[in-house]
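Novice: Protein chains in written order, with my numbering: chain A, -12 to 238; chain B, 668 to 907.
By construction, these hints were calculated from the structure, which means they are not laboratory data. Just so you know, not all the hints are guaranteed correct.
What the hints assert, rightly or not - Subject to a maximum C-alpha distance of 35 Å in a straight line, what follows is the list of computed DSBU-like cross-link-like pairs (lysine-lysine):
(1) B:Lys831 / B:Lys763
(2) A:Lys233 / B:Lys831
(3) A:Lys233 / A:Lys173
(4) B:Lys777 / A:Lys233
(5) B:Lys777 / B:Lys831
(6) A:Lys71 / A:Lys173
(7) B:Lys763 / A:Lys71
(8) A:Lys233 / A:Lys23
(9) B:Lys763 / A:Lys233
(10) B:Lys763 / B:Lys777
Said to hold, decoys possible - Covered stretches of chain B (in silico footprint by chain A; criterion: 3 or more residues with CB under 8 Å from a CB of chain A, positions within the stretch not fixed):
(11) 740 to 749
(12) 755 to 769
(13) 774 to 788
Every residue gets a Cβ at the ideal spot worked out from N, C-alpha and C, and that includes glycine.
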Amino acid sequence: MSKLSRGSWASLLLLVALWQVLAVSETVAFLPTPGKTLSTLIAEAQSGELWMHLGITLRRVAICFAVAMLTGTLMGVAMGLSPKANAVLDPWLVVLLNVPALVIIILCYLSLGLVEAAALLAVILNKIPNVAVILREGSRSFDPSYTALAVSYRLPWGDRLRHILLPQLAPYLAAAARSGLALIWKIVLVVELLGRSNGVGFQLHSYFQLFDVAGILAYSLSFIVVVQGLEWSVLRPLERHATRWKPVPAL
Amino acid sequence: MRIELTRKRFPGRPGEPDRTILEDVTLELGSGEFVCLTGPSGCGKTTVLNLISGIDRDFEGHLEEPEDYRLAYVFQQPCLLPWRTVEENLRLVLPKAERQHSDRPLHYLKRMGLADYRNAYPGDLSLGMARRASLARAFSIDPDLLLLDEPFVSLDEDNARLLKHLLLELWSERRCSVLCVTHDLEEALELADRILFMCPQERGIPYEYRPPLSREERTPEQISRLRQELPRPSQPKEKP
């Protein structure tokens, strides 16, 4: 799956061509050409700036992703399995789901100050309800016949988790991970823009103040490449492994 | 093994009263005995298996279990985990200490004619094969008590006959106690040492019948003769 089909290549080329036309004809104000963007990207990479900021942002994404997935999964599974837990946690979930991301970010910065912990917490709080909702659905769809199997054959809890519960949750975990990665890196950029002095979000902010659209697009481009790389090198192989038993592969 | 059920209720739909399925029913199961439990659908046959196996603990009554015994349950559907290979499915139910090295899973797969499918996923098996794998899984744990819930239902005649044959063969080697739920009277007459007839409104010890012939003598003709002579299960004999 790591190779693009011919159709995908053609459509990608078309996008670049369209970009070129829009830039040269100045239909979109301040839009640099693809060539200009690429040379900015190379210059940033050679100076080391790109790698530093990209690295810092990715580290934040990784931490937030791990914490939000773990917390959201525990919360969602608890809510899916226990009506009592659902009754207690549901109001929290509704509030968290509906408070705008920006409000959570502002509240975190105001209460904790413009520090790294506040930035991470803001992103995590934005992502948790999303994971919890998906995993709650997942654990509500547990097949009772597998639970009956586990009970009657007296399977220990560790085995039930590993062989019966997690495989049933796998598609939901994959959905939460995929939508999570996209959501988290977008919010991380906003958090960086508002209150950090490094990272890709901070760089975008600087270029915005300088009206340097080539710089902005160069960083966006690098990020698209990284996220797509993660999808191909980590998420898809994981998903293929998790669905290897299916008679017809889902991908 | 003895189960005394005072009452088993199922919650009704909102606004409706609970339904009582079983009331004052007592079943006893001897060691090494093959018992078939039969009766019309909805009379609580499967419920009895679920209570014995511990899947359903919500009942009034008393379950007398031997100490430290191993229970295997062959469900109506094969219930193999689709994300584990056939062999992994068999090993999974073994106690931790035996899981890696026990040779029983492979032995029983061979006996069931499934040796070539040990690395296949259950999705690649036919229903008949999956049922055999499920029976192999039950025998792999070396059970003291084997529960079977309609193990031959929706199989074609050849597959059903094969599975019955394999079941009797393995049971006569292992001599575990078997409690087999079936709605098919001829099946029960063919397999059982003792047949219990459950009726929806009946209390006490269910009416029981012991086929008078040895298993070898139970030819299809003899079975249909026994069936003719059997008192109607709906009009059970007065119990002593």
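Novice: Does each hint hold? Answer for all of them.
Specialist: Each hint, compared with the structure:
1. B:Lys831 / B:Lys763: holds, 30 Å
2. A:Lys233 / B:Lys831: holds, 30 Å
3. A:Lys233 / A:Lys173: At roughly 33 Å apart (the allowed maximum being 35 Å), A:Lys173 and A:Lys233 satisfy the hint.
4. B:Lys777 / A:Lys233: holds, 25 Å
5. B:Lys777 / B:Lys831: holds, 16 Å
6. A:Lys71 / A:Lys173: Holds: A:Lys71 and A:Lys173 sit about 34 Å apart, inside 35 Å.
7. B:Lys763 / A:Lys71: holds, 33 Å
8. A:Lys233 / A:Lys23: Outside the cut-off at roughly 47 Å; violated.
9. B:Lys763 / A:Lys233: Holds, because 27 Å separates the two Cα atoms, which is no more than 35 Å.
10. B:Lys763 / B:Lys777: holds, 22 Å
11. 740 to 749: With 6 residues close enough to chain A, the hint holds.
12. 755 to 769: Since 3 is at least three, the answer is holds.
13. 774 to 788: violated (count 1)
Of the numbered hints listed earlier, those contradicted by the structure are 8 and 13.
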